[in-house]
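Visitor: Turn these sequences into a full structure, and let the hints guide you.
There are 2 protein chains.
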Amino acid sequence: MIDYIYVNSGREIIGDEAGLDIEKEFDNYAEKIRDIIANLNSNKDKPGHWLQWMNLGYNEETVWYVKEFTAMVEGRFDNLLILGIGGSALGARAISEALLPPYWNLLDKEKRNSFPRIFFLDNIDPDQIQGLLNLLDLKKTLVNVITKSGSTAETMSQFMLIKDKLEAELGDDYRKNIIATTDREMGVLKQLADQEGYKTFYIPDDISGRFSVFSAVGLLPLALVGIDIDEIIQGIKDMDLALKNTDIRHNIAAQNALIHYLMFKEKNISMSVMMPYSNRLKYFPDWYVQLWAESLGKEYDKNGNKVNVGQTPIKAVGATDQHSLLQLLAEGPNNKIVNFIKVKDFDNEVEIPKIFEYTSIGYLGGKTFNRLMESEENSTRISLNDYKRPNVTFILPKIDAYHLGQLFYMFEVQTAIAGELYNIDTFSQTGVEQSKNYTYALMDRVGYEDSAEELKTKLQKCFNN
Amino acid sequence: MIDYIYVNSGREIIGDEAGLDIEKEFDNYAEKIRDIIANLNSNKDKPGHWLQWMNLGYNEETVWYVKEFTAMVEGRFDNLLILGIGGSALGARAISEALLPPYWNLLDKEKRNSFPRIFFLDNIDPDQIQGLLNLLDLKKTLVNVITKSGSTAETMSQFMLIKDKLEAELGDDYRKNIIATTDREMGVLKQLADQEGYKTFYIPDDISGRFSVFSAVGLLPLALVGIDIDEIIQGIKDMDLALKNTDIRHNIAAQNALIHYLMFKEKNISMSVMMPYSNRLKYFPDWYVQLWAESLGKEYDKNGNKVNVGQTPIKAVGATDQHSLLQLLAEGPNNKIVNFIKVKDFDNEVEIPKIFEYTSIGYLGGKTFNRLMESEENSTRISLNDYKRPNVTFILPKIDAYHLGQLFYMFEVQTAIAGELYNIDTFSQTGVEQSKNYTYALMDRVGYEDSAEELKTKLQKCFNN
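Going line by line, the protein sequences match chains A and B. When we follow my numbering, the leftmost residue of the first sequence carries the number 1, and every step to the right adds one. When we follow my numbering, the leftmost residue of the second sequence carries the number 1, and every step to the right adds one.
One should not assume that every hint holds.
Given that identical chains are not distinguished, each listed pair holds provided it fits within a single copy or across any two copies.
What the hints assert, rightly or not - Taking lysine to aspartate or glutamate pairs in the EDC-like style, the calculated list, with each CA pair at most 20 Å apart, reads:
| hint | residue 1 | residue 2 |
| --- | --- | --- |
| 1 | Lys139 | Asp108 |
| 2 | Lys199 | Glu74 |
| 3 | Lys354 | Asp205 |
| 4 | Lys140 | Asp108 |
| 5 | Lys139 | Glu433 |
| 6 | Lys46 | Asp173 |
| 7 | Lys436 | Asp450 |
| 8 | Lys302 | Glu23 |
| 9 | Lys461 | Asp16 |
| 10 | Lys24 | Asp137 |
| 11 | Lys456 | Asp386 |
| 12 | Lys282 | Glu97 |
| 13 | Lys367 | Asp425 |
| 14 | Lys302 | Asp400 |
In short, the hints are calculated from the structure, not lab data. Since the model is a prediction, treat every value here as computed from it, not as a measurement.
Guide: Structure below.
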């Protein structure tokens, strides 16, 4: 299981001003946390509670269908192209980057065991899109278009382009190269999938994008590149069991949620830095950023009070970002908490050769990169402690499907608990609606004409110094 | 030239509480800014002022040597491997990603015009290193090891490994595959380069890593993959000329520095979000993060007062991160300023085909991705204005070597000006020294034994809940 160290956010290590009296706070919040966890687990099956993601570890049907389809197409495609943005891409990208051999897309087919290369088209930059079209042989490309609503402008415009090109190359057979992942009943993608006859996977109701990684949204792409999704599921289940414990002293999701919440409320900690010491986990912070930012960045609480809460999540990767962020973390304002992710055992042990012995770098020779990585991580941790900067550490026994299932699920639960502590709606995203409507207006969508006029004036003003 | 729009950080657009009275502030700070700019330009040649980077646009000798060497090795290598971390990697990575065709490393040799693929090994993760060794044919790999001091543990340990492997494969000829970029006189890399006979490029004195992109540190890798460094240099020169203007009303670096400074001091804006609307610029924020964080995150001001200043730079890319950060930017605490980078003309114009006309996504058909990108950017900007969130915009006419030279240099000057406004030492990084010493101790480097004992105790404590 994943281990959790919180002592470096406590007074014993970083002092009274910066640190929390953690044990006392655990007592203070014991009852509140007990209620929150009990409520999450009793509400998760009720419609409208948006907690269906808590059931994804037990969705045997989806797992079965994903594996069946994966077996069917095995070896048939050179490329897997994911059309999706935000929660429809970030989870699978982070997990595939962590579990596939490094530089996967550069390996030849044999080294990939005939599994496809994987591409995430998560932007609408015309230069990038043209570059991708130049690169990919679409005939050999399986396209997975992912959008719950079916109306995401970025994803659907990409899909229109790719569908058109595919059909031009393959005629009617083009549909064999397309899989849609969307809502079971609603939306235009579902409608098109039925009409055109695409293979379709469904996202269960009441799951928002950022909590969808363990639905077909994430599991299908991962299975298609050969990742063992049964192991992921086992990791979720074991973590879910552990996190059902309503005693904060035995629930690491509750512990980190509470520490982050109190740091925000009482210690002016406005940022949460996610810093895995592993290059394979380099996209994990991207997934965390969306989860934490979109879930907890809210204007109103559940009672309608204007609160404008939310910690800003910050991406980092160790040891690299010691040469970028550490100076600020140490000496800047004391307004960040660092989440270290420590990997206990890397898959490889690589030795630094014993050369240049009589120079000032001779001390490195004969040691391993593993030890250097661990030393740098410990140095950073202790240095932050010296500077009285709060930090916590998650210890991952190793990077595999099982422990990543645990890790991602743990942070989902942590986020849900934090949302309850803030007393906000964790699962909404009202702050992006206005911007979506503006885009519709600027793209001449019927029904948005009024807003287009108003926009023209605003646009003029905001480009005039 | 790059254009700059600041009005969306002013009271007229975002109101009195969140916005600045910008024109008045320009008046208030006119004299101070005049002095700062005059001082930068008069001090830049004086030793110890760490402003030598302001001369890099005029370093014809380096440009000449870089081009000569590039011509000499043209077509000889399939791969260029950069061993460097932080400032030794971030600039060249950001610029090469922006200027090379997308998916460069996946293109075959012909499409790369025989220029090499480019790899940045900027971490010490044993799994990543092993993956790279599995991938690369070292015989066909040109290795550029970059460290000013010559003692950077991450870079030199990588170098020891690669040198050992190269020598095993190539014997004495291995040295032809190595270029060292380091100090002209000091450090173990310089010593080794002389001893072993490596081709060497020098980093001028008094330039810190994060301001080194336009020395051989950045120019050599960029030239080696076929980027027109003369155009970059021209961009720097033209921007340098523009930024010599001591009148804040005609100096965009001073304008943005002042706005960021005042936002930090007076409006509680503790974060600076860098958000290019271009996928090709996706690593530009990484470079900016190091520049801004390490330069301005400081414990003491020049008079020795404890100030703990520094805005936290945040990486983002549009339109992607609308689906990740926008909710928090709009509804969270009003503690961030967003820097939009707008690209006026993309290289490609890509049309969304006119299909699915009678569905709810029909409005997209017949429009271009270019228009969609611009619409989303404008929607985000106006939406942030509605929420009274400060933002500024840099308009890049197009993404090419000339304008990237301008862009990077402009942010360097902005950072130097901001440092003067904060009255701190922009070019030091005292906050990372302690951590480096800890690493030496944990790696059993001779001379660090005392600190090792102390560390053992600290280490034990910081893993015990």
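Visitor: For each hint, tell me whether it holds in the structure or not.
Guide: So, going through the hints one by one against the coordinates:
1. Lys139 <-> Asp108: both (18 Å within a copy, 19 Å between copies)
2. Lys199 <-> Glu74: within (15 Å within a copy, 48 Å between copies)
3. Lys354 <-> Asp205: neither (58 Å within a copy, 31 Å between copies)
4. Lys140 <-> Asp108: Cα proximity of Lys140 and Asp108: in one copy and across copies (15 Å, 18 Å).
5. Lys139 <-> Glu433: neither (37 Å within a copy, 54 Å between copies)
6. Lys46 <-> Asp173: For Lys46 and Asp173, the Cα distance exceeds 20 Å both inside one copy (41 Å) and across copies (70 Å).
7. Lys436 <-> Asp450: within (15 Å within a copy, 60 Å between copies)
8. Lys302 <-> Glu23: neither (28 Å within a copy, 40 Å between copies)
9. Lys461 <-> Asp16: between (49 Å within a copy, 17 Å between copies)
10. Lys24 <-> Asp137: neither (61 Å within a copy, 58 Å between copies)
11. Lys456 <-> Asp386: So Lys456 and Asp386 pass the 20 Å test across copies only (14 Å; inside, 53 Å).
12. Lys282 <-> Glu97: both (8 Å within a copy, 18 Å between copies)
13. Lys367 <-> Asp425: Neither, since 50 Å and 36 Å both go past 20 Å.
14. Lys302 <-> Asp400: neither (38 Å within a copy, 49 Å between copies)
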